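**Q** What follows is each chain in one-letter form.
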Amino acid sequence: QQPVQSPQAVILREGEDAVINCSSSKALYSVHWYRQKHGEAPVFLMILLKGGEQKGHDKISASFNEKKQQSSLYLTASQLSYSGTYFCGTVSVFGNEKLTFGTGTRLTIIP
Amino acid sequence: DTAVSQTPKYLVTQMGNDKSIKCEQNLGHDTMYWYKQDSKKFLKIMFSYNNKELIINETVPNRFSPKSPDKAHLNLHINSLELGDSAVYFCASSPGGAGYNEQFFGPGTRLTVL
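Each protein sequence line maps, in turn, to chains U and V.
Going letter by letter, the first sequence gives residues 1 to 111 in this note's numbering.
Going letter by letter, the second sequence gives residues 1001 to 1114 in this note's numbering.
Treat the hints with care, since some could be wrong.
[To be verified] Calculated lysine-lysine pairs in the DSSO-like style (CA-CA distance at most 27 Å, straight line): (1) Lys26/U to Lys68/U; (2) Lys1009/V to Lys98/U; (3) Lys26/U to Lys1041/V; (4) Lys59/U to Lys1009/V; (5) Lys1044/V to Lys67/U; (6) Lys1036/V to Lys1022/V; (7) Lys98/U to Lys1040/V; (8) Lys26/U to Lys67/U; (9) Lys37/U to Lys1022/V; (10) Lys1019/V to Lys1009/V; (11) Lys50/U to Lys1044/V; (12) Lys98/U to Lys1041/V; (13) Lys1044/V to Lys26/U; (14) Lys1040/V to Lys1019/V; (15) Lys1052/V to Lys37/U; (16) Lys1040/V to Lys1071/V; (17) Lys1052/V to Lys1040/V; (18) Lys37/U to Lys67/U; (19) Lys98/U to Lys1019/V; (20) Lys1022/V to Lys1009/V; (21) Lys98/U to Lys1067/V; (22) Lys1044/V to Lys1019/V; (23) Lys37/U to Lys1009/V; (24) Lys1040/V to Lys1009/V; (25) Lys1067/V to Lys1022/V; (26) Lys37/U to Lys1040/V; (27) Lys37/U to Lys1044/V; (28) Lys98/U to Lys1044/V; (29) Lys1044/V to Lys68/U; (30) Lys98/U to Lys26/U; (31) Lys1022/V to Lys98/U; (32) Lys1022/V to Lys1044/V; (33) Lys98/U to Lys1036/V; (34) Lys1071/V to Lys98/U; (35) Lys1036/V to Lys1067/V; (36) Lys1009/V to Lys1052/V.
Derived from the structure by calculation, the hints contain no laboratory data.
A quick note: this is a predicted structure, and the numbers were derived from the prediction, not measured.
Can you make the complete structure from the sequences, with help from the hints?
**A** Set out below in structure tokens:
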């Protein structure tokens, strides 16, 4: 079962904030976030390990609630370059080193 | 200077044919992967190799056979291609296990089966 992301798609104006959620039915060891632009390969953004940490990467940050098996990606003051499809990926506690990607969230930033 | 490279970038072929996709990484990573991205953009793991040994083999038809001649290369051979095999196939690598390592993706191979 792949993690479920919400929303499926979102359109924002430049400068607005966005939150993308990722929810898993399994106990998680780690959550990974990737961004994929149209016609390109996924590119790594960040990893959050078990421990409920929050990470930041410029104006993009994320949190991981291991009890709820959920993670959220926060994009602040969005830029045109943030457009793309965002995927969370999860590795379960009892997993076999397998990264399972979520359903994806398409983010479109308009000027 | 390409970290993870794949060939070919595009592959158009008839049903029933056999084809191969090659992947090479120059990052010195121990682990390599094959993913399939379908028309709905779902990214699904197919295989994972660590130091030439198969460690993940998802429920993939046995028409798909990966081969890792050395830890820098992971090739994918597909026999008797079917329409449903049409997808973008991504190779990726990471320095260690998937749990705590970033994965570096190749540019993808778009396979179209007619």
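**Q** Each hint needs a verdict: does it hold in this structure or not?
**A** Results for each hint:
{"no.": "1", "hint": "Lys26/U to Lys68/U", "in the structure": "holds (10 Å)"}
{"no.": "2", "hint": "Lys1009/V to Lys98/U", "in the structure": "holds (25 Å)"}
{"no.": "3", "hint": "Lys26/U to Lys1041/V", "in the structure": "holds (22 Å)"}
{"no.": "4", "hint": "Lys59/U to Lys1009/V", "in the structure": "violated (33 Å)"}
{"no.": "5", "hint": "Lys1044/V to Lys67/U", "in the structure": "holds (25 Å)"}
{"no.": "6", "hint": "Lys1036/V to Lys1022/V", "in the structure": "holds (14 Å)"}
{"no.": "7", "hint": "Lys98/U to Lys1040/V", "in the structure": "holds (21 Å)"}
{"no.": "8", "hint": "Lys26/U to Lys67/U", "in the structure": "holds (10 Å)"}
{"no.": "9", "hint": "Lys37/U to Lys1022/V", "in the structure": "holds (23 Å)"}
{"no.": "10", "hint": "Lys1019/V to Lys1009/V", "in the structure": "holds (13 Å)"}
{"no.": "11", "hint": "Lys50/U to Lys1044/V", "in the structure": "holds (23 Å)"}
{"no.": "12", "hint": "Lys98/U to Lys1041/V", "in the structure": "holds (19 Å)"}
{"no.": "13", "hint": "Lys1044/V to Lys26/U", "in the structure": "holds (17 Å)"}
{"no.": "14", "hint": "Lys1040/V to Lys1019/V", "in the structure": "holds (23 Å)"}
{"no.": "15", "hint": "Lys1052/V to Lys37/U", "in the structure": "violated (31 Å)"}
{"no.": "16", "hint": "Lys1040/V to Lys1071/V", "in the structure": "violated (31 Å)"}
{"no.": "17", "hint": "Lys1052/V to Lys1040/V", "in the structure": "violated (31 Å)"}
{"no.": "18", "hint": "Lys37/U to Lys67/U", "in the structure": "violated (31 Å)"}
{"no.": "19", "hint": "Lys98/U to Lys1019/V", "in the structure": "holds (26 Å)"}
{"no.": "20", "hint": "Lys1022/V to Lys1009/V", "in the structure": "holds (10 Å)"}
{"no.": "21", "hint": "Lys98/U to Lys1067/V", "in the structure": "holds (19 Å)"}
{"no.": "22", "hint": "Lys1044/V to Lys1019/V", "in the structure": "holds (20 Å)"}
{"no.": "23", "hint": "Lys37/U to Lys1009/V", "in the structure": "holds (17 Å)"}
{"no.": "24", "hint": "Lys1040/V to Lys1009/V", "in the structure": "holds (20 Å)"}
{"no.": "25", "hint": "Lys1067/V to Lys1022/V", "in the structure": "holds (10 Å)"}
{"no.": "26", "hint": "Lys37/U to Lys1040/V", "in the structure": "holds (15 Å)"}
{"no.": "27", "hint": "Lys37/U to Lys1044/V", "in the structure": "holds (17 Å)"}
{"no.": "28", "hint": "Lys98/U to Lys1044/V", "in the structure": "holds (10 Å)"}
{"no.": "29", "hint": "Lys1044/V to Lys68/U", "in the structure": "holds (24 Å)"}
{"no.": "30", "hint": "Lys98/U to Lys26/U", "in the structure": "holds (13 Å)"}
{"no.": "31", "hint": "Lys1022/V to Lys98/U", "in the structure": "holds (22 Å)"}
{"no.": "32", "hint": "Lys1022/V to Lys1044/V", "in the structure": "holds (18 Å)"}
{"no.": "33", "hint": "Lys98/U to Lys1036/V", "in the structure": "holds (14 Å)"}
{"no.": "34", "hint": "Lys1071/V to Lys98/U", "in the structure": "holds (18 Å)"}
{"no.": "35", "hint": "Lys1036/V to Lys1067/V", "in the structure": "holds (16 Å)"}
{"no.": "36", "hint": "Lys1009/V to Lys1052/V", "in the structure": "holds (24 Å)"}
Of the hints listed earlier, those the structure fails to meet are numbers 4, 15, 16, 17, 18, in rising order.
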